[in-house]
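Trainee: Sequence:
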Amino acid sequence: MELSTVTTCTGFHHNLTRSKALSFPLIPSVSTTSSCQRTSAAAAAAAATTSLVNEPCNDDSQPATTTRRRPKGGAVDAQRRQSKSYMSRKAAILEVQQSPHLDSALQRLGGMLKVQDLNIILRNFGEQCRWQDLSQLFDWMQRHNKISASSYSSYIKFMGTSLNPAKALEIYHSIPDESKKTNVFICNSLLRCLVRNTKFDSSMKFFHKMKNNGLTPDAITYSTELNYNGLQMDSIMYGTLLAVCASNNRCEEAQSYFNQMKDEGHSPNIFHYSSLLNAYSSDGNYKKAEELVQDMKSSGLVPNKVILTTLLKVYVRGGLFEKSRDLLVELDTLGFAKNEMPYCLLMDGLAKNGLLDEARSVFNEMKEKRVKSGGYSYSIMISSFCRGGLFEEAKELAEEFEAKYDKYDVVILNTILCAYCRTGEKESVMRTMRKMDELAISPDYNTFHILIKYFCKEKLYMLAYQTMEDMHRKGHQPMEELCSSLILHLGKIKAHAEAFSVYSMLKSSKRTMSKAFHEDILHILIAGRLLKDAYVVVKDNAELISPAAIKKFASSFVKLGDINLINDVMKVIHGSGYKIDQELFLMAVSRYIAEPEKKDLLIQLLQWMPGQGYVVDSSTRNLILKNSHLFGRQLIAEILSKQHMTSKALKAQ
DNA sequence: CTAGGGTTAG
Numbered sequence: 008m009e010l011s012t013v014t015t016c017t018g019f020h021h022n023l024t025r026s027k028a029l030s031f032p033l034i035p036s037v038s039t040t041s042s043c044q045r046t047s048a049a050a051a052a053a054a055a056t057t058s059l060v061n062e063p064c065n066d067d068s069q070p071a072t073t074t075r076r077r078p079k080g081g082a083v084d085a086q087r088r089q090s091k092s093y094m095s096r097k098a099a100i101l102e103v104q105q106s107p108h109l110d111s112a113l114q115r116l117g118g119m120l121k122v123q124d125l126n127i128i129l130r131n132f133g134e135q136c137r138w139q140d141l142s143q144l145f146d147w148m149q150r151h152n153k154i155s156a157s158s159y160s161s162y163i164k165f166m167g168t169s170l171n172p173a174k175a176l177e178i179y180h181s182i183p184d185e186s187k188k189t190n191v192f193i194c195n196s197l198l199r200c201l202v203r204n205t206k207f208d209s210s211m212k213f214f215h216k217m218k219n220n221g222l223t224p225d226a227i228t229y230s231t232e233l234n235y236n237g238l239q240m241d242s243i244m245y246g247t248l249l250a251v252c253a254s255n256n257r258c259e260e261a262q263s264y265f266n267q268m269k270d271e272g273h274s275p276n277i278f279h280y281s282s283l284l285n286a287y288s289s290d291g292n293y294k295k296a297e298e299l300v301q302d303m304k305s306s307g308l309v310p311n312k313v314i315l316t317t318l319l320k321v322y323v324r325g326g327l328f329e330k331s332r333d334l335l336v337e338l339d340t341l342g343f344a345k346n347e348m349p350y351c352l353l354m355d356g357l358a359k360n361g362l363l364d365e366a367r368s369v370f371n372e373m374k375e376k377r378v379k380s381g382g383y384s385y386s387i388m389i390s391s392f393c394r395g396g397l398f399e400e401a402k403e404l405a406e407e408f409e410a411k412y413d414k415y416d417v418v419i420l421n422t423i424l425c426a427y428c429r430t431g432e433k434e435s436v437m438r439t440m441r442k443m444d445e446l447a448i449s450p451d452y453n454t455f456h457i458l459i460k461y462f463c464k465e466k467l468y469m470l471a472y473q474t475m476e477d478m479h480r481k482g483h484q485p486m487e488e489l490c491s492s493l494i495l496h497l498g499k500i501k502a503h504a505e506a507f508s509v510y511s512m513l514k515s516s517k518r519t520m521s522k523a524f525h526e527d528i529l530h531i532l533i534a535g536r537l538l539k540d541a542y543v544v545v546k547d548n549a550e551l552i553s554p555a556a557i558k559k560f561a562s563s564f565v566k567l568g569d570i571n572l573i574n575d576v577m578k579v580i581h582g583s584g585y586k587i588d589q590e591l592f593l594m595a596v597s598r599y600i601a602e603p604e605k606k607d608l609l610i611q612l613l614q615w616m617p618g619q620g621y622v623v624d625s626s627t628r629n630l631i632l633k634n635s636h637l638f639g640r641q642l643i644a645e646i647l648s649k650q651h652m653t654s655k656a657l658k659a660q
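Each residue of the first sequence is one higher than the last, beginning at 8 in this note's numbering.
These are calculated hints, taken from the structure and not from any lab test.
What you are looking at is a predicted structure, and each value in this text was computed from that prediction instead of being measured.
A virtual CB, placed ideally from N, CA and C, is assigned to each residue, including glycine.
Certain hints may be false.
[To be verified] Have a look at the derived ranges for each label pair, beta carbon to beta carbon: (1) His-108 to Glu-177: 19 to 29 Å; (2) Gln-139 to Ser-242: 27 to 37 Å; (3) Thr-168 to Ile-610: 54 to 64 Å.
[Stated by the list, open to error] Here are the simulated DSS-like cross-link-like pairs (lysine-lysine), alpha carbons at most 27 Å apart as the crow flies: (4) Lys-546 to Lys-522; (5) Lys-312 to Lys-376; (6) Lys-586 to Lys-546; (7) Lys-586 to Lys-658; (8) Lys-359 to Lys-379; (9) Lys-481 to Lys-414; (10) Lys-559 to Lys-539; (11) Lys-559 to Lys-605; (12) Lys-414 to Lys-379; (13) Lys-442 to Lys-460; (14) Lys-605 to Lys-558; (15) Lys-359 to Lys-374; (16) Lys-606 to Lys-586; (17) Lys-433 to Lys-460.
Based on the sequences and whatever the hints tell you, model everything.
Mentor: Below you can see the structure in the form of structure tokens.
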């Protein structure tokens, strides 16, 4: 019955893919390829890639001097001499690195070492986190004037990793050579150090908990470019730092850098004010924001479009919609509201505070004024309508957007896709997916999420499953709720292996998993007779599974599972605290009697039992005795008598 | 060369 859904689903799947030769990476490969075939193909591809990648590595592992350059004639001698000096320096490098008394080692060997040799040692100390030695060596290098730009760069970099930005700044300011101060490597190192150190929760600053937000490359790029131009290093670097803090909601750090730069005698420019203002927007701190704008005005700077728009953002985030509206009017009068940005800020804020009607009227007002839109406002309104449950209106707006504009990115496509999915416009959903494919816009986490939810709603569970597989392959981690509902549906349509695959995807991701999850998949695996997988689930999560489910699993496994694993299963469930009952022992014994060539396993089971406090009951005992010729009468008699003694001892207690 | 906007979430 329920399998008909799968057929429908495959049909739809065909419809979906037939229209074009598809590069759309989201659409699962045609149903003739089973998931496991695809997996092995992927594995083969991966293996091929690996071997390609590894080959040059093998070459590299050969001794470089013998296979690489082979100088001819007189060059050989020169190289030999060079090598000789290099060899002795190399030995000295090692000795300094390994010496327990760094100072005396430097006194003895420092003289023969070149700056680049000392840099090697410096980097070695840094990589080994030998901060004490690192500072000591750097000190020595400074004092003996054996120092290069590369030394500064490395040292500052390691001050970043050892979470000492203050020291890094101190060193940077102590550089005597002006040209070194604008050296691109040194500046990048310093910036990296500072940026890294702003990623710490301000309250936890001294506890050094790293957070990753991927902003470093931008900062490095900025710093690289600005160094080539050699302009106003400090001021601009502070600008970058403030921007980084602001966009990471690091209000306090932004504040402290702002103060620090003032302390150092730099007067903040409009960029610095703007970034700090933006930092205040994250918690809607309008009091501080207004103070800052006042401060800025009294320093002689006139608020420009960016400042006023950012202030609007502060008001919106603070939920001050009266002030926001007034400011928008002001922006408009000043000619600063010619594009949609300030309207977007307000609309989004209104809608997210449940004021959908007001958001709509701002949107209409904006359209009446013929304000230029790049599609952002549509994106905001369509998703707001979806959030508010106004799916028809969302769909109409999506259609309006498609009719009016021809500019797409992954966000607007996700937004309209969501609108069409919520209203169940199958044709429009497919058209949007095709559009994504044609425009070579690759689906992201949200695209997958929207589609999987849609396929589930349409009861196209296999399609939902294939989409989730794709999602997983692309490295996105699906949400637990989505996985759990899909797993239950796959179980119901008897797609047991697929359900288990979804379970495995979630398990391999870093997401948390609710306790009930393991038991849910266990029931599905038992129903699908996938008992080996069920065994793995039980083995790994026995303490999270109820005794009732363990019992169900155990009796299924002992009855129908791999006979070679029955004893292992017994040990695992016993080990988890489950008390094995007589029924289960009887079942196991019956399996072994039916397959006498597994007699060793029966013997092992019977020998294992007394140690765990188990003995067979009389009916199982009789069954064994009746068949003892299959197993060796003598041995059986011995084992059973031992069990009998254990039983007596247990009763006596 | 440093500043401001949107997509999920039952």
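Trainee: Hint by hint, note whether the structure agrees.
Mentor: So, going through the hints one by one against the coordinates:
Distance hint check: the CB atoms of His-108 and Glu-177 are about 27 Å apart, consistent with the given range 19 to 29 Å. Taken as a hint, the range 27 to 37 Å holds for the pair Gln-139 and Ser-242, whose Cβ atoms sit roughly 35 Å apart. For the pair Thr-168 and Ile-610, the supplied restraint of 54 to 64 Å holds, since their beta-carbon distance comes to about 60 Å. For the suggested pair Lys-546 and Lys-522, the alpha carbons sit about 14 Å apart, so the restraint of at most 27 Å is met.
Proximity of Lys-312 to Lys-376 is assessed by CA-CA distance (about 19 Å); at most 27 Å being required, the pair is judged to hold. At most 27 Å may separate the alpha-carbon atoms for a hinted pair to count; Lys-586 and Lys-546 meet this at roughly 16 Å. For the proposed pair Lys-586 and Lys-658, the alpha carbon gap of about 17 Å is at most 27 Å, so the pair holds. Of the supplied pair hints, the one linking Lys-359 and Lys-379 holds, its CA atoms being roughly 23 Å apart against a limit of 27 Å.
Proposed proximity of Lys-481 and Lys-414 is supported: the alpha carbons are some 25 Å apart, at most 27 Å. For the given pair, Lys-559 sits about 14 Å from Lys-539 by alpha-carbon distance, which is consistent with the 27 Å threshold. For the suggested pair Lys-559 and Lys-605, the alpha carbons sit about 24 Å apart, so the restraint of at most 27 Å is met. For the hint linking Lys-414 to Lys-379, the alpha-carbon distance of about 13 Å falls within 27 Å, and the restraint holds.
A C-alpha spacing of about 20 Å is found between Lys-442 and Lys-460, which places the hinted pair at or below 27 Å, so the restraint holds. The straight-line distance between the Cα atoms of Lys-605 and Lys-558 is roughly 24 Å, inside the 27 Å bound, and the hint therefore holds. With a CA separation close to 20 Å, the supplied pair Lys-359 and Lys-374 stays within the 27 Å bound. Distance check on the hinted pair: Lys-606 and Lys-586 sit about 24 Å apart at the alpha-carbon level, within 27 Å; holds.
Using a Cα cut-off of 27 Å, the hinted pair Lys-433 and Lys-460 holds, with the two alpha carbons roughly 14 Å apart.
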